[in-house]
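Letter by letter, the chains look like this.
There are 2 protein chains.
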Amino acid sequence: MSVEPVFIDGSWREAAASGAFTAENPAEGTPLPRAFPVSTWADCEAALASAAEAAIALRQTPPARLAEFLTGFAELIERRAEEICGVAALETGLPTAPRLREAELPRTTNQLRQAAAAAAEESWKMPTIDASNGLRACFGPLGPVAVFGPNNFPLAFNSIGGGDFAAALAAGNPVIGKANTSHPDTTRLLAQCAAEALSRSGLPRAAVQLIYRTSHADGARLVADPRLGATAYTGSRTAGLRLKAAADAAGKPIYLELSSVNPVVLLPAALAGRGAELVAEVGGSCLLGVGQFCTCPNLLLLLAGSDAEAFLEGLAARFEAQPGGVLLSRGVLDTLAETVGSLREAGADVVTGGARAARPGYAFQNTLLRVSGSRFLENPRGFQTEAFGNATLAVVADDVEQAAAIAAQIEGSLTAAIYSARDRRDDPAHARLEPALRAIAGRLLNDKMPTGVAVSPAMNHGGPYPATGHPGFTAVGIPAALRRFAMLQCYDNVREERLPDCLRTDCPNPRTWRLVDGAWTRGLGPSA
Amino acid sequence: MSVEPVFIDGSWREAAASGAFTAENPAEGTPLPRAFPVSTWADCEAALASAAEAAIALRQTPPARLAEFLTGFAELIERRAEEICGVAALETGLPTAPRLREAELPRTTNQLRQAAAAAAEESWKMPTIDASNGLRACFGPLGPVAVFGPNNFPLAFNSIGGGDFAAALAAGNPVIGKANTSHPDTTRLLAQCAAEALSRSGLPRAAVQLIYRTSHADGARLVADPRLGATAYTGSRTAGLRLKAAADAAGKPIYLELSSVNPVVLLPAALAGRGAELVAEVGGSCLLGVGQFCTCPNLLLLLAGSDAEAFLEGLAARFEAQPGGVLLSRGVLDTLAETVGSLREAGADVVTGGARAARPGYAFQNTLLRVSGSRFLENPRGFQTEAFGNATLAVVADDVEQAAAIAAQIEGSLTAAIYSARDRRDDPAHARLEPALRAIAGRLLNDKMPTGVAVSPAMNHGGPYPATGHPGFTAVGIPAALRRFAMLQCYDNVREERLPDCLRTDCPNPRTWRLVDGAWTRGLGPSA
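Sequences listed follow chains A and B, in order. Per our numbering, the first sequence starts with residue 5, numbered consecutively. Per our numbering, the second sequence starts with residue 5, numbered consecutively.
Heads up, none of these hints are tricks.
According to the in silico footprint, chain A covers these stretches of chain B (three or more CB under 8 angstroms from chain A):
id, region
1, 131-138
2, 141-149
3, 253-266
4, 455-465
5, 492-501
6, 517-525
Calculated directly from the structure, the hints in this document are not laboratory data. Where a beta carbon is used, it is the ideal one built from N, C-alpha and C, also for glycine.
Bound conformation, chain A alone (with noise of 0.2 angstroms):
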């Protein structure tokens, strides 16, 4: 059997290989039919020089031949978007219509054309200028950026072409992608596509580099690596605990996204008001892309009454109605199996499901289970192992002040979410609660579920350790996104010429906001 070539600068070379492996299609549970490369250190060693040399002439490459990179590659992957999706189908699980075809592709495709704005304007720089200290400061590009992608966004989040692969690059500096393993052959498209626009817009060849797989060993000296500026992982939080502590140790920046409970509470007036109307909206959250979203809600707060109740019930009958859907994997599958294990032999019990599914491949039953408030605060951490898949835990509060309790436990997480009744009658129960929910979320919610992430200015897709790696920086949104792969940059008296573009007095891009001796100012009016 042969396996797939690497993509190493600028050319799709064969592997200097330990060994293969294929992906599975979690569906039917078989093979796939490619196999690909396991890469050895020799892979990652000639991918970090070649992206160091190329880290050093996209330094020198105007910002719109970034953009034009990022557009181009947009078009292209639009150009393949069926047979594009038809693989991530396969390799995932997830249905061409509507999921990949309809939302996830143009998502991407939006994704690389927002940044590719952001790289043109230069606006994410932040250039700022003190006139009368002679000091101009602005964010510059770190280096070559190593982006592990997780398994459940095949095309948003894929190593190549998705969120972070998108900032890095719209920030200037190279990408060494480091596939998926569930989904391989998508990334290998995506990184065809990318290889065309990357000859078609000039960008130096190394920019964007594939490999599919390393051992652990290798991927921790990768992301410690003197040579590169920082990395971005998306995954389970065992693996990114590995690399962060290998990147740490070496001063390397190192941005994760790794285990999040996104809790969502439902306040009694609003139970009360409108309980059937949120049972759909908490279910069809709960089991959207088979409850396998970073910011699917895994923990439901609840206050004890017949309104709870009824609402569990209610969300009970919504999971048994529809079938458990196909997981990303058996890996999935297995951890989903553990975790639900756990959190019963914790003392949480199953109101629905609990067992794997009665279909081929990979697929779990919608499980929904509950524990009191009381139990909850026993072993408030056991209670918070991420089920990653399509099952939820309930905890019934005896009141508000349990409900404070249970809150001020819960863990970073990237969101959280409150139900309150319009009329105002949750409000204190809203104000007594809100406080440690806002503390430990990257985005608060008011009477929404948190399962929807736009690609926004004003999104924080983060929060505090473990939902991320750092408080202060968020994965999705632009700019802000581009500025985790930046390095804060001061000229001091450096003469005019010498200074990049967005700092020279007379900037020759009209369209970027800077920070002119306190006031924010651009070429254009804000009208414009």
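Fit chain B to the known structure of chain A by using the hints.
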């Protein structure tokens, strides 16, 4: 001997101490009279518990109140300026005038006032509004901040009242100050001023707390505590890395300033044209504060030739003309002697100095070492051991290409400076060397020494590891320094009345800059 109390939860209380220590007068090498406690974990625990409560209260505190505290604190410091500078001089050997009284104390109070203005203006929060998506985001406080101040700026970087303190407090976080053990009494006086300002301003009483010393293990436990928001540390690399490892493992942000050689490149035509002028400039900078500035140039890079020889001869004469000043402590002297020894062992030659100075107290001869470029390249890490104090290493490269190879080996640094001829004769050499230096330095200077660090919005006192722990942040410069102690907080569909003021549709603060639907705006026009 009575032991000084710690300041916890608003009162000066007896420490839960495992022992006591005294500071020394480094000008005489004699112990100072006051004894300070080595706190056990019980003090850290008490401080953390109080700080966690204060953090919640501070989130509800209007920014104007924070500003009032910071301004009031600055005034109280000024009122006791003579006493504070007198004690600081005794503890550090730094001259009362001009250094402490005319430079460092005004810098300190200026920083506090700039921080107050930033807190009141609220633009540091970068409020961002995407009206069409119902999304709003801003930076908000992170939680209690532990500040470990360095030995070299007993006022401007003091853990109570210095730059990190001002930034953390202005961002709305309580501070737990850990005094630098070489100037505990200075810190005590500053904390007295802070305590008075606290009660006048009505901030939570645990918004500022002080302990003097802990065991290494308790320090590591403190920075990893779940109740802590972040840590700021400036000091030795060894102690800093111990704290970094503990904070990293707990997923807690830690901002560190560790070590930096601050390379200064002196190009040939500059040396030919203004050699004598440069001797004065470089010499003054190297010996400023007895070489104990974070941005002190530790590494001069020259190209071999008669102008370089003349320069080094002049610099050696300049070093010899001035007696070696008093170092901050016996520890600084010992480490400096050790570092000079290791540089010699690695193959550097002593041009002048190299031994302890013949005067009372802790002092070393002003020391200039030199090494050839080829020898440097044999052991680039070894020759970059920061000699903290009045010692400088000149690296003499054979030619521009060798100099470029050397520049490519320089580790992350706070600054890098390039001197070149005004008639552009050095421009080709500048172009060859600049990219590598730009990539490793937080601040790049032209024709200027790095030892002046203006408190400016366009300053970057930061840089890639090991200069700091993250290249995206600055420790000096307001408002940027505040964002280290903040988390990004998104509000999604949140009801208008529940939004923080700065995110409301009608922002009550007319001075706050906000990014509204892609344009920076504020109530008052830029000219106001």
